[in-house]
Amino acid sequence: MTDISQDPHATPARRIKWGRVLDHAILIVGSLFMLIPLLVVLQTTTTTDIETIKNGPELLIGTQFDDNFMKAMFKASGFSGENTGTSMLINSMILGLGFALGKIVIGMMAAYALVYFRLRFATFAFWLIFTTLLLPLEVRILPSYEIAQKLSLLNTYTGLIVPLIASATATFFFRQYFRSVPEELVEAARIDGAGPVKFFIDILVPLSQTMIAAMFIIMFVFGWNQYLWPTMVTTEEGMYTLVRGIKQLTQDLEGTNIPEYGRANMLALIAILPPVAVVIFFQSWFVKGLTESDK
Amino acid sequence: MKAFKITTAAAAFALMANASFAATEISWWHAMGGALGDTVNQLAEDFNASQSDYKITPVFKGTYEEALTAGIAAFRAGEQPNVLQVFDAGAATVIGAKGATVPVQDLLVDNGADFDINDYISGVRYFYADSDGKMIGMPFNSSSPIMYYNVQALEKAGVTAPKTWEEFQTVTAPALKDAGYTALSQSHLPWIFTENFMSRHDLPFATNDNGYEGAEGTKILVNNDAIKNHFTAVTDWQKNGYFEWFGTGWGDNQTPFEEGKVAIWLGSSGSFGGLAKKGLPFDFSATYLPYWEAVTTEPKQTFIGGASLFAMAGKSPEENKATAAFFEFLTKPETQYFWHQETGYVPITEAAYEMAKADGHYDRAPAAETGILQLSLPAGENTKGYRMGFYVQIRDVMNREYGRILTGETSVEDAFANIEEEANGLLARFAKTQN
Amino acid sequence: MKRAGFTTRWLPILLLLPQLLIIAVFFYWPAVHAVQSSFFLQDPFGFGSSFVGLDNYRDLAGSGEYIKIARFTLLFTVLVTFFSLGLALLLAVKADNVIRGARSYRTLLMWVYAVAPPVAGFIGLLMFNQSWGPLTEMARAIGWDFKLGVNFNDTATAMVIVSVWKQVPVNFIFFLSGLQSIPKSVREAALIDNRSAVGRFWDVTFPLLAPTGFFLLIINITYALFDTFGIIDTLVKGEPGNNPMTLVYKVYVDGFRGNDLGGSSAQSVVLMVLVLALTVFQFRLIERRIHYT
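Protein chains in written order, with full-length UniProt numbering: chain A, 1 to 295; chain B, 1 to 435; chain C, 1 to 293.
Treat the hints as calculated values from the structure; they're not laboratory data.
All C-beta atoms, glycine included, are put in the ideal place defined by N, C-alpha and C.
Any given hint could turn out to be false.
What the hints assert, rightly or not - Listed below are the simulated DSSO-like cross-link pairs for lysine-lysine, each with C-alpha atoms no more than 27 Å apart in a straight line:
1. K332(B) - K315(B)
2. K357(B) - K278(B)
3. K54(A) - K177(B)
4. K315(B) - K71(A)
Said to hold, decoys possible - Not everything, but these chain C residues come out facing chain B in the computed CB check (under 8 Å):
5. P44
6. N151
7. E239
8. N242
9. F256
Given the sequences, and given the hints that come with them, work out the whole structure.
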């Protein structure tokens, strides 16, 4: 590939290099645009809260990093002493994973049923499901809370996760994906005598690797980052999630106090790590999946 | 010997189990994050340690609005906490819903506590009371808007803190401008320049006795000449460089004062705690909110802001007893003084105020007293409070229109006409929810 | 639907059941609730209520503010979607070009995706702080007196920038994957056929990326309409004031914050109808596209 790209522009070797330089320049500017705000936040975790409030971010590294880290991870921010950074991290993890897995499993099943089966009420079911696309929980949060209570789901992981799953985004994307799978595959499977369950598990699921990975990234981060719903359904501090914990630390009324920026920002940075790990992990997985399936 | 040991251990265990069984547990939903939340937790711990019959658990429920809405949703679902913190703007919603709460006064009296509304400092008595003067909500974190000033800046300009707005615009502000300062900023236009403008000048804020007599037919009286003249003056000050507005965010207006760019800042008496902790590069002090001599020569006390605690209905008598005990604990002078010192919010009882005075708190921090003194100024006909439904939205409308005035997008006249129309629309809608 | 491989009767029902059950309980039940409440004005605690017919809708239609918010929502969605996709595509194409450092760029560019919207908003507050925000200072250096929370346009700009910042990484990851999945043979052929890099991009790469792009378009519209809620709430510091806001934020402000159940339910119903229209439109578009290929 390298020699070909050199070839058409053989004479002005410099021009190619300028192109490369431009590429790198754009990438560097882009990376800076993305990263500098995070570095700014990182800087504020090393200085005292008063300094941050007075001067904002500065070009110096303070001494409060360890202190803020210990506070963020191990100091409880509530009454019972149960909502430390560690316990909130675990709850966020359960919420993120539960949400992503639930959404993918339920969505794939429904999409499979819609695409591969002759159903009398298929069109009806289809519209029933896809009407729920897009409308977020925030705008139907009060009735949802009442229902969660009636089903005694308050302060449970089920109550945290299941109501959030009630929309059809994953189903929608899996449906689109399944429809792009060549029809010959089903024919071949049928000739081989594979039943619908076998076809689903042995052929369709492995084939959908990339889609699953993509969905997992989106859904995990979405679940992980929820704020309003967890605030509504949990009252036990042992059930609090990270994003909620961060808001608790920064809340300040009428300037009565100094918000704990250092600790909150540290918590915010810690909150970024697991989803980033998920993105990095699944990204290489689905890049590979995509490239392989196309060859 | 061994057997004896075991029996004592068992007995001790049984006793402990008994004690923990006997303790009535109650819950308290609040909106106090950060360091305030730590103080709230401390109060709860102190209450639990002070006796063994009751145990209270505070739960942080987000912002004021989130806490109120969570409380309402929980009430509808039968999962309400025993105690709910409700902010000033939400008071009408809660008090309007008779049957949602047990009036504090009834709760205390029924459970054998002494209650005399005159134990409370005069400015906080009736803000959360009904039209008959019965206290419905227990004032908790109470504050009032006061005027903070940079002592050195005023000295440099050769002026003293203005008593009236006339003095401010003719003497104080020009001198401060010459000395290189922006004279004034403030942190909450609806609260400071509207609600408390009305109480300070003893102007009616709404019909039906400021809304206390019920939601039916209540109309806002905000579109009056006194306040329109005030806002016209504010825009003039802005043009002359005497006043600057930094948006609806509280802190954005406070910061320039802390940086020494703005010499006078109108904030909350509760802000005292935060200002003191920041180690400002200048001395600050505080005094009463100025008034217009053209409107009144007898300025009155102001409203309280902040929030109050409501005892939610639908709880067992034992739990209500526990809630009453907690409220009693909260109003004790020691508790109030602790809260006052830790947070800067005003103590709500005369006894606590006396205790703070006797302890020399105000000799050490004179500015901490301003809020209480202002709340203890003479009361007027219109100073006990206001009660308007959907008031959160009404404040939003005010904020929006004021923002437009100060960015030059609308005129004072149009803005107030809009506020009146939209607020009355909201009030009429609210009245229909009360049938 | 023409594709329908299997004829088993009970299996598809079983497969659909969990999805249908969850949306019935947590979507349709609340939605019916919302439609119902939109015809009433009710006390939030559930004590009083009056039937007001279509009044809540009439109030909305008659509110100039509501129309303004709808207009802003449209503009905001277009800007956020356009810039998030455009920037991500540019970066992905460049990252796909370079060999040296490709991995580092990839890693550097995707961190932000994991930032929670309220936290993103909070970071935005740091960057645009009125007294020391680095971006405020940069704007001032070029003579733009940037004032977050004071000036409507400045605040809107900050909302768009923060929302785009948060969304570029996910688009970038997907575009890059899409680019890297273009077979080598296609690229080599394109290199011979078309010498200009720009021409090559539009003739070969762009059409091949279209499916990814379409998928992302929907994701981004959803994001801009609904998931930016946390960013907006944080940037306006919980006080809408004279700041810009979107339709979803308005539902939240009136319903969740202000406890106007009837009014906010009517807004929810309006949103549902809008979204339904959008969904039907999208489906017709997609079905047609798939039909051609």
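Q: Kindly indicate which numbered hints from before are broken by the structure, ordering the numbers from low to high.
A: Of the numbered hints given earlier, the structure breaks just one, which is hint 4.
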